[in-house]
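Novice: These are the residues of each chain, in order.
2 protein chains.
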Amino acid sequence: MFSPLPKRSDNFSSWYNELVVRAGLAENASVRGCITIKPYGYAIWEKIQHIFDTAFKKTGHVNAYFPLLIPKSYLNKEASHVEGFAKECAVVTHYRLKMAEDGINVIVDPTAKLTEELIVRPTSEAIIWSTYKNWIQSHRDLPILLNQWSNVVRWEMRTKLFLRTTEFLWQEGHTAHATQHEAEQEALQMLHLYGDIARDYMALPVIKGIKTQNERFAGAENTYTIEALMQDGKALQAGTSHYLGQRFAKAFDVTFTNRSGLREYVWGTSWGLTTRLIGALIMTHSDDDGLILPPKIAPIQVVMIPIYKTDGERALVVSQLKNCETLLMNQGISVKLDDRDTYKPGYKFADYEQKGVPIRVVLGPNDLQKGSIELVRRDTKTKKIIAIEHLHEQVHSWLHEIQENMYHRALSFQKQHMILVDDYASFKEQIQTKGGFILAHWDGTTETELKIKEETKATIRCIPLDGIEEAGTCIYTGKPSMRRVIFAQAY
Amino acid sequence: MFSPLPKRSDNFSSWYNELVVRAGLAENASVRGCITIKPYGYAIWEKIQHIFDTAFKKTGHVNAYFPLLIPKSYLNKEASHVEGFAKECAVVTHYRLKMAEDGINVIVDPTAKLTEELIVRPTSEAIIWSTYKNWIQSHRDLPILLNQWSNVVRWEMRTKLFLRTTEFLWQEGHTAHATQHEAEQEALQMLHLYGDIARDYMALPVIKGIKTQNERFAGAENTYTIEALMQDGKALQAGTSHYLGQRFAKAFDVTFTNRSGLREYVWGTSWGLTTRLIGALIMTHSDDDGLILPPKIAPIQVVMIPIYKTDGERALVVSQLKNCETLLMNQGISVKLDDRDTYKPGYKFADYEQKGVPIRVVLGPNDLQKGSIELVRRDTKTKKIIAIEHLHEQVHSWLHEIQENMYHRALSFQKQHMILVDDYASFKEQIQTKGGFILAHWDGTTETELKIKEETKATIRCIPLDGIEEAGTCIYTGKPSMRRVIFAQAY
Chain U
3 MFSPLPKRSD
13 NFSSWYNELV
23 VRAGLAENAS
33 VRGCITIKPY
43 GYAIWEKIQH
53 IFDTAFKKTG
63 HVNAYFPLLI
73 PKSYLNKEAS
83 HVEGFAKECA
93 VVTHYRLKMA
103 EDGINVIVDP
113 TAKLTEELIV
123 RPTSEAIIWS
133 TYKNWIQSHR
143 DLPILLNQWS
153 NVVRWEMRTK
163 LFLRTTEFLW
173 QEGHTAHATQ
183 HEAEQEALQM
193 LHLYGDIARD
203 YMALPVIKGI
213 KTQNERFAGA
223 ENTYTIEALM
233 QDGKALQAGT
243 SHYLGQRFAK
253 AFDVTFTNRS
263 GLREYVWGTS
273 WGLTTRLIGA
283 LIMTHSDDDG
293 LILPPKIAPI
303 QVVMIPIYKT
313 DGERALVVSQ
323 LKNCETLLMN
333 QGISVKLDDR
343 DTYKPGYKFA
353 DYEQKGVPIR
363 VVLGPNDLQK
373 GSIELVRRDT
383 KTKKIIAIEH
393 LHEQVHSWLH
403 EIQENMYHRA
413 LSFQKQHMIL
423 VDDYASFKEQ
433 IQTKGGFILA
443 HWDGTTETEL
453 KIKEETKATI
463 RCIPLDGIEE
473 AGTCIYTGKP
483 SMRRVIFAQA
493 Y
Chain L
3 MFSPLPKRSD
13 NFSSWYNELV
23 VRAGLAENAS
33 VRGCITIKPY
43 GYAIWEKIQH
53 IFDTAFKKTG
63 HVNAYFPLLI
73 PKSYLNKEAS
83 HVEGFAKECA
93 VVTHYRLKMA
103 EDGINVIVDP
113 TAKLTEELIV
123 RPTSEAIIWS
133 TYKNWIQSHR
143 DLPILLNQWS
153 NVVRWEMRTK
163 LFLRTTEFLW
173 QEGHTAHATQ
183 HEAEQEALQM
193 LHLYGDIARD
203 YMALPVIKGI
213 KTQNERFAGA
223 ENTYTIEALM
233 QDGKALQAGT
243 SHYLGQRFAK
253 AFDVTFTNRS
263 GLREYVWGTS
273 WGLTTRLIGA
283 LIMTHSDDDG
293 LILPPKIAPI
303 QVVMIPIYKT
313 DGERALVVSQ
323 LKNCETLLMN
333 QGISVKLDDR
343 DTYKPGYKFA
353 DYEQKGVPIR
363 VVLGPNDLQK
373 GSIELVRRDT
383 KTKKIIAIEH
393 LHEQVHSWLH
403 EIQENMYHRA
413 LSFQKQHMIL
423 VDDYASFKEQ
433 IQTKGGFILA
443 HWDGTTETEL
453 KIKEETKATI
463 RCIPLDGIEE
473 AGTCIYTGKP
483 SMRRVIFAQA
493 Y
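First to last, the protein sequences are chains U and L.
Position 276 (the first sequence) corresponds to 278 in my numbering; numbering is contiguous.
Position 246 (the second sequence) corresponds to 248 in my numbering; numbering is contiguous.
Since the hints were made in silico from the structure, they are not lab data.
This one's a predicted model, so the numbers in the text were calculated from it and none came from an experiment.
Among these hints, one or two may not hold up.
On the chain L side, residues computed to face chain U include the following (Cβ under 8 angstroms) [claimed, not checked]: (1) 32; (2) 36; (3) 41; (4) 78; (5) 89; (6) 91; (7) 99; (8) 104; (9) 120; (10) 122; (11) 148; (12) 310; (13) 387; (14) 388; (15) 390; (16) 392.
The beta carbon of each residue, even a glycine, is placed where N, CA and C say it ideally should be.
From just these sequences and the hints, can you work out the full model?
Specialist: Set out below in structure tokens:
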């Protein structure tokens, strides 16, 4: 089992795929493009869910649940939405199977054909705005600040574990407002919430920005994004927040009586993040030995492994570790004491290293005699032997340091790979060699954007929110530009 | 808005449907048989999820996530499973839509037909056991104790809010074991866990029992159930736990090497409960004025409503209530202070009564002067005016009392409606008039069971686990029987 992983520098993609499987995060399912999220991967998703859900509720949002299946005609109501989503969806056409004449196989019952086909939701704007029509009459019914945790299906042709899968899990916020200003503020608020949590909990430095028209969500007036940089120099869109204007309100005829007594269309937003965040975590932080998890996201923060030869030693060592476990758990730290005797310590060391557990604690008979205990940090591999009475103090300070260190390491990588480029030759060279976030001038047209994409596979990830005005010329056309945008190849 | 609900005694079904909608729990969606779970209803589901999820984890279970879409052929592998589930499922046959020639509508792209149809999961035994095949080689890989929170689709012909819907939310546990004994114990353990939580948190008294062969889960060797009794005398199956034997292991060829080095089929269980539990809560506890929620499940335990005429009064009253709110929230009580000035107190009283909030706290300028505050219990409608400094104490003891009172009231109802019947005429009479749990002798055959069902619509809900041996004769055939079973009409 513990042959080394492929090296990141040799084959980043194989390294990633093998790591995901070997760390017990996920695996490809037998259904094309779908994955099984295994318990350890799902435990990470539960941590992520809990953190975001708490933040959503603090900002006044509540959860609800809308149907999985959407009548085909609904998708059709918002013109650009149908363009973006109708192409890649699972279509339910029948509602019954029956036994075939051979008495062995089941076949689709042709008499059970739906009069209107149903689509497995690729996103829920259509079904939700069709419902909001009945919920909203007056300004007193606004704002509606809803979120939904759910599964969605998009028929992807090329899939990759967590990053792009036919079915994925996500949250989708859908809000409705009485004014344009309020909707715009909501979309921005959620962008900042995403970025702050990515930074503070997942140790992910992200660039906050606006998508170009071409990269916008199908049906949005404006899409905000948080973009993260992976260790192979490729970008990953980690979350998006859309200002929808009145487009879905118009498509589904959702109006309200405003404070002046006039009938007006409702203003909307939507925002989402998905299980691909787990992919972002992995590709930002991990090394050739496996996963490295930030303590605030790690399902297990401390693993304890006993070393012993005899049954007597085992009893003593495990009993001491149980005391330590209780001590740490009472401080709110998640601890796993792995005292299985079916696996050797060496196997356990490698396994938890691969699983990215932030701190490993080891205790053997010698330590016990000396009153000491050994700790190893996953991020730096630093080893320390301390007096056992300082265990909690040491764990506490290391968990804090690991979280900080991981963020600063990732931030420093991002800064090193944020390159100003002023001519197309250097641009192509940079994209083909090191990748990274390339800050370059662009003339603002979709035409230029698409040509650059075609020639280099680089897309405009965003127009950074904190970018400064700076006169320049488009790297491709030489036309004038007033600010740099961020190009990168992306997942 | 506040015309009275239909009375339970006049039309229980209309009362239920209107209550669900008016209390803001759920409504029918535009998709046939599907519902939208509204924020207040979903908040109840979140409470239920949290309680059960915590209990699952304490008993060693972990969560995971398996694909929504299941290849048609998988359903076919377990003979009785396909019988039970293939008849009522949503079938995905295509993966793309395209614009019609009219340039207006979208149609299914006939070139995007799947070579094998996919079924939207009606339950996940098939997809999970097909995966377990790859996860299990040795006894060291066992037990596997997994749970999944997910949505499932069953094409129901007659639907009812929460109780029977085309799509519903649930948890489904799927465990794999090395021995028959361990699997049997697991199925029983989960039954008791379900029953205990229903009693201790949801204030639902339930009968634990075994299903007859005819009522068994399609693919199980044995199905355990918890059965609750609704106020209209009908039964509701609130959760089931299945001992699967080796049936799914055989269907998907899942074997392991046991401790003696021999290859053996794996033993399995599955167990689930769904959003219909919310229906059980409503139909057990509520009255003609609306919902009544047990404090441990209530998303809002205490609602605070200010009374005032002038702005000055409002400021004083709301400020005092904010202090009270902080005080209670610091004790872990969920409080909502409704200080909206767009609605009158009378509207708010009726609204929160309909929503079943356990305690209402009201403060006006007169109270403020006297240093008193008014409280009303939702379950008994008892009103009390107390000195404001005793608020926390009073709320704390009432929450406890309400929880207890609701359970005992429901238990007493159940006991009153648990009837011993010894002849078929009385049986029919009882079923047609009062309903309830009817304890009667049955000859043990499916034939008799089906005839009774056909003639009276009563089914055998279960063979109670705590039933005693008692010689008797079948109410229908007069054949000998050794124990009574529970008959009822059921949802």
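Novice: For each hint, tell me whether it holds in the structure or not.
Specialist: Hint check:
1. A distance limit of 8 angstroms between C-beta atoms decides the matter here; for residue 32 of chain L the minimum to chain U is near 6 angstroms, and the interface restraint holds.
2. Checking residue 36 of chain L against chain U by beta carbon gives a least distance of about 4 angstroms; that is within 8 angstroms, so the hint holds.
3. Interface restraint check for residue 41 of chain L: the shortest CB-CB distance to chain U comes to about 4 angstroms, inside 8 angstroms, so the restraint holds.
4. A hinted interface residue such as residue 78 of chain L counts as satisfied when its beta carbon comes closer than 8 angstroms to some beta carbon of chain U; here the least separation is about 5 angstroms, so the hint holds.
5. Look at residue 89 of chain L: its Cβ gets to within about 6 angstroms of chain U, closer than 8 angstroms, so that hint holds up.
6. With 8 angstroms as the threshold, the beta carbon of residue 91 of chain L comes within range of chain U, its nearest partner Cβ sitting at about 6 angstroms, so the hint holds.
7. Here the hint on residue 99 of chain L is kept, as its CB sits about 4 angstroms from the closest CB of chain U, short of 8 angstroms.
8. A least Cβ separation of about 11 angstroms between residue 104 of chain L and chain U goes past the 8 angstroms threshold, and the interface hint is therefore violated.
9. Interface restraint check: residue 120 of chain L against chain U, minimum CB-CB distance 7 angstroms, threshold 8 angstroms, status holds.
10. Residue-level restraint check for residue 122 of chain L holds (minimum Cβ-Cβ distance to chain U is 7 angstroms; threshold 8 angstroms).
11. Given hint, residue 148 of chain L at the interface with chain U, holds; its Cβ is 7 angstroms from that chain's nearest Cβ, closer than 8 angstroms.
12. Violation of the interface hint for residue 310 of chain L is found here, the shortest Cβ-Cβ separation to chain U being roughly 19 angstroms, above the 8 angstroms cut-off.
13. About 32 angstroms separates the beta-carbon of residue 387 of chain L from the nearest beta-carbon of chain U, more than 8 angstroms, and the hint is not met.
14. Taken as an interface hint, residue 388 of chain L does not check out: its beta carbon lies about 31 angstroms from the nearest beta carbon of chain U, beyond 8 angstroms.
15. Interface restraint check for residue 390 of chain L: the shortest CB-CB distance to chain U comes to about 28 angstroms, outside 8 angstroms, so the restraint is violated.
16. Residue-level restraint check for residue 392 of chain L is violated (minimum Cβ-Cβ distance to chain U is 30 angstroms; threshold 8 angstroms).
Consistency with the previously given hints fails for numbers 8, 12, 13, 14, 15 and 16, ordered from lowest to highest.
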